[in-house]
Amino acid sequence: GENVEQHPSTLSVQEGDSAVIKCTYSDSASNYFPWYKQELGKRPQLIIDIRSNVGEKKDQRIAVTLNKTAKHFSLHITETQPEDSAVYFCAADGNSGYALNFGKGTSLLVTP
Amino acid sequence: EPEVTQTPSHQVTQMGQEVILRCVPISNHLYFYWYRQILGQKVEFLVSFYNNEISEKSEIFDDQFSVERPDGSNFTLKIRSTKLEDSAMYFCASSVLAGGYNEQFFGPGTRLTVL
Chain F
1 GENVEQHPST LSVQEGDSAV IKCTYSDSAS NYFPWYKQEL GKRPQLIIDI RSNVGEKKDQ
61 RIAVTLNKTA KHFSLHITET QPEDSAVYFC AADGNSGYAL NFGKGTSLLV TP
Chain H
1001 EPEVTQTPSH QVTQMGQEVI LRCVPISNHL YFYWYRQILG QKVEFLVSFY NNEISEKSEI
1061 FDDQFSVERP DGSNFTLKIR STKLEDSAMY FCASSVLAGG YNEQFFGPGT RLTVL
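Chains F and H are the protein sequences, given in the same order.
Quick note on numbering: the first sequence equals residues 1 to 112 in the numbering used here.
Quick note on numbering: the second sequence equals residues 1001 to 1115 in the numbering used here.
Errors might be hidden in some of the hints.
Stretches of chain H that chain F covers, calculated by requiring three or more beta carbons in the stretch to come under 8 angstroms of a beta carbon on chain F [as the list claims (entries may be wrong)]:
1) 1032–1044
2) 1054–1068
3) 1107–1114
Example chain H residues on the side facing chain F (calculated, C-beta under 8 angstroms, incomplete) [what the hints assert, rightly or not]:
4) S1048
5) A1088
6) F1091
7) N1102
8) E1103
9) Q1104
Since the hints were derived computationally from the structure, they do not count as laboratory data.
Backbone N, C-alpha and C fix where the C-beta goes; we use that ideal spot for every residue, glycine too.
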């Protein structure tokens, strides 16, 4: 089955700096790669996603890049703000297209 | 904006008891999912459900687990005989489509505590 690895597990940045979180996946049949943000005690919320026919996608301060050959994808957050502090999970849909396989999460702390 | 809802928000039960977790997916969604998240760990897939049958399940989803769509709006997860290790946050999710267009919307979760 699909195996998603995520790094780093924790990330601390100063407000205004950029943050980058990286994920790799194992199943070359994966087509869909979402990123979820989870604040403490709350539901995971989709912040951006990318499909396999696209190499990069941007939404304001958030961007995601995908390298299908190398089987890795990354989340980039620019001009970070304290409210960006949360746990971020990457995921990949795997062969079946139903299950999302999540990485272990990155705890991002943005200090003022 | 429509949201997935779940009840109860917190369920405490004794080991060996049966629990039913309830979810109301977004109304025009066709695919439904259950995930669980043990405290401090990643979100793990349990099962997906489409057209009144299971479309995929993980190794975690053994004979102790079952899912049902008892009516046109609810989607339930039943754990027949709870174990201590079933303690986790259980998230329901739903999506319009699957297979590469799989934007899944998560509910707020039910925290299950097994004593």
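Hint-by-hint comparison with the structure:
1. 1032–1044: Our answer is that it holds, as 6 residues pass the Cβ test (under 8 angstroms) against chain F, meeting three.
2. 1054–1068: The restraint on the segment 1054–1068 of chain H holds, since 3 of its residues have a Cβ under 8 angstroms from chain F and three suffice.
3. 1107–1114: Contact hint for the segment 1107–1114 of chain H vs chain F: holds, 3 residues under 8 angstroms.
4. S1048: OK, holds: S1048 of chain H within 8 angstroms of chain F, min 4 angstroms.
5. A1088: 14 angstroms, violated
6. F1091: Cβ of F1091 of chain H sits 7 angstroms from chain F, so the hint holds.
7. N1102: 5 angstroms, holds
8. E1103: 6 angstroms, holds
9. Q1104: At 6 angstroms from the nearest chain F Cβ, Q1104 of chain H passes the 8 angstroms test, so the hint holds.
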